[in-house]
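Undergrad: Listed here are the chains, written in short residue letters.
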Amino acid sequence: DAGVTQSPTHLIKTRGQHVTLRCSPISGHKSVSWYQQVLGQGPQFIFQYYEKEERGRGNFPDRFSARQFPNYSSELNVNALLLGDSALYLCASSLGAKYDGYTFGSGTRLTVV
Amino acid sequence: GDSVTQMEGPVTLSEEAFLTINCTYTATGYPSLFWYVQYPGEGLQLLLKATKADDKGSNKGFEATYRKETTSFHLEKGSVQVSDSAVYFCARGGNNDMRFGAGTRLTVKP
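Protein chains in written order, with this note's numbering: chain Y, 1 to 113; chain F, 114 to 223.
The shape of chain Y in the complex, shown without the other chains (with noise of 0.2 Å):
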């Protein structure tokens, strides 16, 4: 059975840009939550998402926002990007919105130049 697949695995941009980062959960799972990992930090919780509702959201600017679509996949985007906002995104999934359990993907590592 396939893992978190999370997608692209590496993005450079430039300030300013628009993007969008994937994620498909493991089949079976109805949660996604994206966090964002700055080099030598631990996680920060941005979203979680559960049957295509926000569920949660951490303490991110308004250029963060997300979605999920019906076959429970999610899409992560990002405005205006800025320096501070390269770092590891990391996407998990889990069967429910209560935390039981998190997988999660292998990440994707942006770069904002």
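Just so you know, the hints here were simulated from the structure itself, not pulled from any lab data.
Just to be clear, a hint being listed does not mean it is correct.
Partner residues are not named here, just some residues of chain Y that face chain F (Cβ under 10 Å, in silico) [as the list claims (entries may be wrong)]:
(1) 6
(2) 8
(3) 30
(4) 33
(5) 35
(6) 50
(7) 73
(8) 88
Here are a few chain F residues that sit away from chain Y, every Cβ distance over 10 Å (derived from the structure) [to be verified]:
(9) 127
(10) 135
(11) 141
(12) 155
(13) 166
(14) 169
(15) 171
(16) 183
(17) 211
Computed from a prediction, not measured in an experiment: that's the story for all the values here.
For glycine and all other residues, C-beta sits at the position ideal for the given N, C-alpha and C.
Could you slot chain F onto chain Y? The hints should help.
TA: Chain F in isolation, oriented as in the chain Y frame:
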């Protein structure tokens, strides 16, 4: 607010040494607690978990016990191997999110 604090690294040990990585948490109630491991260039892998007080999570020789009295979940292994070299994250679960510690880098030398 709720947080997770773990022992600062990096930690360097010789093979077969004993490992302890400290983790304490603050939270409302009794959250589930977790240890994740991250190998270079990879995402996070669940190492072990405990869902209630006094539970002991274990996997691959690693253990951690949920201590509500000290709000701690310290990671231990009796004999580390070179292949255990990675970054270890302590985390606490919640209704809609999970909070992670800053991570502790472990290097095991032959």
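Undergrad: Next, verify each hint and record whether it holds.
TA: Tested hints:
1. The beta carbon of residue 6 of chain Y comes within 8 Å of a beta carbon in chain F, closer than 10 Å, and the hint placing it at the interface holds.
2. Because the beta carbon of residue 8 of chain Y sits about 14 Å from the nearest beta carbon in chain F, more than 10 Å, this interface hint is broken.
3. For residue 30 of chain Y, the interface hint is violated, the least distance from its beta-carbon to any beta-carbon of chain F being 14 Å, above 10 Å.
4. Satisfaction of the interface hint for residue 33 of chain Y is found here, the shortest Cβ-Cβ separation to chain F being roughly 7 Å, below the 10 Å cut-off.
5. For the restraint placing residue 35 of chain Y at the interface with chain F, the shortest Cβ-Cβ distance is roughly 8 Å, inside the 10 Å limit, so the hint holds.
6. Annotation: residue 50 of chain Y was flagged as interfacial toward chain F, and the flag holds, the nearest CB pair being 9 Å apart, inside 10 Å.
7. Given the 10 Å rule on beta carbons, the hint for residue 73 of chain Y is violated: about 17 Å separates it from the nearest Cβ of chain F.
8. Interface restraint check for residue 88 of chain Y: the shortest CB-CB distance to chain F comes to about 8 Å, inside 10 Å, so the restraint holds.
9. With a closest Cβ-Cβ approach of about 24 Å to chain Y, residue 127 of chain F is found to remain outside the 10 Å limit, as its non-interface label requires.
10. The beta carbon of residue 135 of chain F is kept farther than 10 Å from every beta carbon of chain Y, the shortest such distance being approximately 15 Å.
11. Remark: the non-interface label on residue 141 of chain F is consistent with the geometry, its nearest Cβ contact in chain Y lying 14 Å away (cut-off 10 Å).
12. Some Cβ of chain Y comes within 10 Å of the Cβ of residue 155 of chain F; the nearest lies about 6 Å off, and the non-interface call is violated.
13. Look at residue 166 of chain F: its CB is around 17 Å from the nearest CB on chain Y, clear of 10 Å, so calling it non-interface holds up.
14. Even its closest Cβ contact with chain Y, about 17 Å, leaves residue 169 of chain F beyond 10 Å, as expected for a residue assigned away from the interface.
15. With a closest Cβ-Cβ approach of about 16 Å to chain Y, residue 171 of chain F is found to remain outside the 10 Å limit, as its non-interface label requires.
16. No beta-carbon of chain Y is positioned within 10 Å of the beta-carbon of residue 183 of chain F; the least distance is around 21 Å.
17. Non-interface status of residue 211 of chain F relative to chain Y is broken: a Cβ of that chain comes within 10 Å, the nearest being about 6 Å off.
Figure legend: structure checked against the earlier numbered hints; hints not met, in rising order: 2, 3, 7, 12 and 17.
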